[in-house]
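Participant: These protein sequence lines are chains X and A, in that order.
Residue numbers are given in this note's numbering: position 232 of the first sequence equals residue 232, and the series is strictly consecutive.
If you count the second sequence from 1, you need to add 264 to reach this note's numbering.
Accuracy of the hints is not assured; some may be wrong.
To give an idea of the interface, some chain A residues facing chain X are shown, with a C-beta separation under 8 Å as derived from the structure [unchecked claim]: (1) Val-286; (2) Arg-288; (3) Thr-292; (4) Thr-298; (5) Asp-364; (6) Leu-369; (7) Ala-370; (8) Thr-389; (9) Leu-391; (10) Trp-393.
Here are the simulated SDA-like pairs of lysine to any residue, each with C-alpha atoms no more than 20 Å apart in a straight line [what the hints assert, rightly or not]: (11) Lys-372/A to Thr-230/X; (12) Lys-164/X to Trp-142/X; (13) Lys-164/X to Arg-367/A; (14) Lys-3/X to Gln-285/A.
These aren't lab readings, by the way, just hints derived from the structure by calculation.
Predicted model, so just to flag it, every value in this text is computed and none were measured.
The beta carbon of each residue, even a glycine, is placed where N, CA and C say it ideally should be.
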Amino acid sequence: MAKFRLPRNSRVRVGKAHPVPQGVSRRTRFKIYRHDPDSGDGPRLDTYEVDRDTCGEMVLDALITIKNEMDSTLVFRRSCREGVCGSCAMNIDGVNTLACTKPLDDISGDVRVYPLPHMRVIRDLVTDVSHVYGQLASVKPWLRSQSAAPEAKERLQSPDEREKLDGLYECILCFCCQTACPSYWWNGETFPGPAVLLQAYRWVADSRDEAGDERIAELDGADELFRCRTIVNCTNACPKGLNPARAIAEAKKRAAQSLRRPMD
Amino acid sequence: MSNAQSEGEASAARPLSPHLQVYRPQITSVLSITHRLTGILLSIGIAGLVAWLAAAAAGPESFAVAREIAGSWPGLLILFIWSLCLVYHLLNGIRHLVWDTGRGLALKPVRVSGWAVVGGTVILTTLAWVLGAAVAG
């Protein structure tokens, strides 16, 4: 049974309000989830006010400004700052996205920043994604084939075959979709989730891969593919504009077609 | 202590990040939970349908009582909600059937079909009651 309330140690208290910068024309208030595992206290929501005239345009710029100029204890993951690495995935203004590609001007009112939802928090905005990585590894996201590789050249694809991978191969594994999915919140222990299922289907759809039937058979079950209830929060969250919901629907179709085989 | 064991303990002590508490309601998730809710209400409503049929089978006196209850204000209100659930669940069920063919899953069609289901539910339910009232006189 799904637990809708947060466990006692996870409820968020009101935290510190940091000093408001004086003599600035444009300010934006940030409410940021903080958790210090060494403090012994639970999570809290700290308030910061950022001078928009000296800060960059994206949410990540503001987080860096806060860390550099106001509170060096704020912890978050970031790397490429251009939507390619997937490190700065977090819940901003109620929706999962990348802080580096989310314009501050898109948000009206206070900017609320939380870690990716329903994950174990290591510190502040940093969550433990090792379970998701384990799930990803379990679908063997690499080319599997029995046939011998062609000599002295790569396995070729026609342009049409290559086109089937569009919208699948671009995934950066930020897990915005994964942690936007209520099915994953309530059943994440066993349900692979949208990001992992999209990765699995990326190989099913690959003309060079020869383990498609095996891949589908492993995912064909009430706890796997069919735990997806087509809520479509995943596609609504993807910062790369990909469509995990459609990939899962295609994988379900493949699984349903395999039902036409005679029963064992 | 093994490494795996200590990791397990650390993870249990770690707080769970907020989910329902902070996630903005989306047309996707709101219509999904409404589909579930209307399904549950329809199932409960079936008990009322069975009671109505049983009353009809038991004879004219009991059927007259059933008609009285169904025609009272609380009875009509429950019937209205039930019909709303029925139309919503039917229309959204068709939306799910289309999705299961792999169609209509891009963001725009998802939003358009979602609002179409909401609008269709209001229109068809209203139509059913207007026609019902006209026939009943």
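Participant: Indicate, hint by hint, whether the structure satisfies it.
Facilitator: Verification of the supplied hints:
1. For Val-286/A, the interface hint holds, since its Cβ comes within 8 Å of a Cβ in chain X; the closest pair sits about 5 Å apart.
2. With a least beta-carbon distance of about 3 Å to chain X, the hint placing Arg-288/A at the interface is held under the 8 Å criterion.
3. Hint status for Thr-292/A relative to chain X: holds, with the closest Cβ pair at about 4 Å, below 8 Å.
4. Below 8 Å, beta-carbon pairs count as interface contacts, and Thr-298/A has none with chain X, the closest being about 11 Å; its hint is therefore violated.
5. Residue-level restraint check for Asp-364/A holds (minimum Cβ-Cβ distance to chain X is 7 Å; threshold 8 Å).
6. For Leu-369/A, the suggested interface contact is upheld, since its CB lies about 4 Å from the closest CB of chain X, less than 8 Å.
7. A distance limit of 8 Å between C-beta atoms decides the matter here; for Ala-370/A the minimum to chain X is near 7 Å, and the interface restraint holds.
8. Of the supplied interface hints, the one on Thr-389/A is violated, with its beta-carbon coming no nearer than about 24 Å to a beta-carbon of chain X, more than 8 Å.
9. At its closest, the beta carbon of Leu-391/A sits 28 Å from a beta carbon of chain X; the interface hint therefore is violated under the 8 Å criterion.
10. Because the smallest distance between the Cβ of Trp-393/A and any Cβ of chain X comes to about 30 Å, over 8 Å, the interface hint for this residue is violated.
11. At roughly 15 Å between alpha-carbon atoms, Lys-372/A and Thr-230/X fall within 20 Å of each other, so this suggested pair holds.
12. A threshold of 20 Å between alpha carbons decides the hint, and for Lys-164/X with Trp-142/X the separation of about 16 Å falls inside it, so the pair holds.
13. Taking the CA atoms of Lys-164/X and Arg-367/A, the gap is near 16 Å; set against the 20 Å cutoff, the hint holds.
14. Distance hint between Lys-3/X and Gln-285/A is fulfilled; the C-alpha atoms sit about 12 Å from each other, no more than 20 Å.
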